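Here are the chains, one letter per residue:
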Amino acid sequence: MTTGVRQILGYRRPDGRIGIRNHVAIVYTTNCAEVVARSLHRRFPVGTQLFGYPEGCSYQDAPAAKIVAMAQHSSYAGVLVVGLGCEGADASDLAERIGAFGQTVEAVTIQFEGGDLKTIEKGSRILADLLQHASVVPREPMPVSDLIVGSECGGSDATSGLVSNPLVGLVADRLIDEGGTYMHAEPHELMGCGGVLAARAVDDAVAQDVRAAIEEAERESFESGVFHIGFGNIEGGLTTIEEKSYGCLAKSGSRPLQGVLRAYGPPPGRGYYLQIAPPGSTTYFGDSEDISQFAACGAHLAFFTTGCGATTGGLLPVIKVMANPHRMELIRDNVDFDATPITRGERTLEEMRDELYEEMIAVAAGKLTRSEILRHFEA
Amino acid sequence: MTSKGEKTAILLHPDDNVVTLLRDRSKGDSVEASLGDRSESLRLVEDVRFGHKVAVRRIPEGKDVIKYGMPIGQALEEIEPGMWVHVHNCRSERYGFRQEQYGIHA
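Chains as they are written, first to last, in my numbering: chain X, 1 to 379; chain L, 1 to 106.
So here's chain X without its partners, still in its complex pose (with noise of 0.2 angstroms):
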């Protein structure tokens, strides 16, 4: 163990917090806005990320209010908004929202502008700008202690629940114990997990609220029929829903629940908080939505742990986890922490605790992950 709080160095932001990364942002506010919101990006494809408001023409609170969070990353020097003009979510009226904690942030409205070519053209000259601003934005030390780290499960299989998310979970503790913050989400996986995590909560208030949200889950899932333990997991060896879903929850560690965040922004304190996406929020569909919901409420990155090779990312720095040894084998490219001796019990969980953990401090430092060299800034 080392003595002293750790540090590592990141990008100083106008509000007070240090990003881990150190990108651009572009933002379209509808689908009408998003080719030539793509054609920005093209042109500038280093150092910028693209994401949007994949509605039409009206207006929905739930996922503007995701996109705003979502832009007041960390990781964003910069952001550009770019809007049609007839939209709800008016660009400008997002760019104000965006930049109230100091945020850089412009906007262009194509039908203002005078339709693509100029937009593009006036966006290309402030996403110049913005890039050039970012590059010279102060380094600055960030206690480990100050991060925050999601948690995200896809592709799972009998390895996901044995291995590779209890050993997500020892680090969670870790990060926890050392003053950090950690949270993960799927309600609807964690089917039976209510009095567990009810148990966990900090005071009653908290057990109540982690209780509802989890039988509301219940609910829809049992309602819509689309919950089942399978053939294939009983095959596998999972006997009850309770052991399939305390699979997924292994990979909350043991630590008291802080909290559910119903709401975009930094959680309220540090520790562990299970995130429930608002509802209406989901502006993107399958597990990097997750990521994006984690973004929004300010983690700086997270894990992934998968079993069958889930290849996704997200816009944050994603650290893939593997203990499938024949899937490993298969999909090395995509994965950057091999879990598999754990598998093969050649090592214990608790002897690659460490190792996982050194690992997203370097991540955190600036190393980058598959998912950043790959490009699945999925969102």
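These aren't lab readings, by the way, just hints derived from the structure by calculation. In this text the structure is predicted, and so the values were computed from the model without any measurement.
Simulated DEER-style distance windows between Cβ atoms: (1) S34(L) x D333(X): 31 to 37 angstroms; (2) P141(X) x V45(L): 56 to 62 angstroms; (3) A205(X) x D15(L): 23 to 29 angstroms; (4) K27(L) x C308(X): 27 to 33 angstroms; (5) E78(L) x D333(X): 45 to 51 angstroms.
Some chain L residues close to chain X (C-beta under 10 angstroms, calculated; not the full set): (6) K7; (7) I10; (8) L35; (9) G51; (10) H52; (11) M70; (12) V85; (13) C90; (14) S92.
Glycine residues also receive a C-beta, built at the ideal position from the N, C-alpha and C atoms.
Dock chain L against the given chain X, drawing on the hints supplied.
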């Protein structure tokens, strides 16, 4: 063949009364797992496959089967160490209740 010191099963929590096999094993094979100070070594009384559970402690009828430190269901009959633990001798009361309430079938 299992080399010495190689773990054939995984113990996920100190309170667990089952371990999960990391490879297919046969009746009579020895199974070893450890976590922290706790170390388990036992002999299988039946064939058990990768990913499936084996009792490491006696679990009386109606008592909880514990994995991840949490109850995953109750023993339908007395389960002895070395026995395979699965749907034939373990059931979730919660699931039974839910199944009836919502009319969902496994």
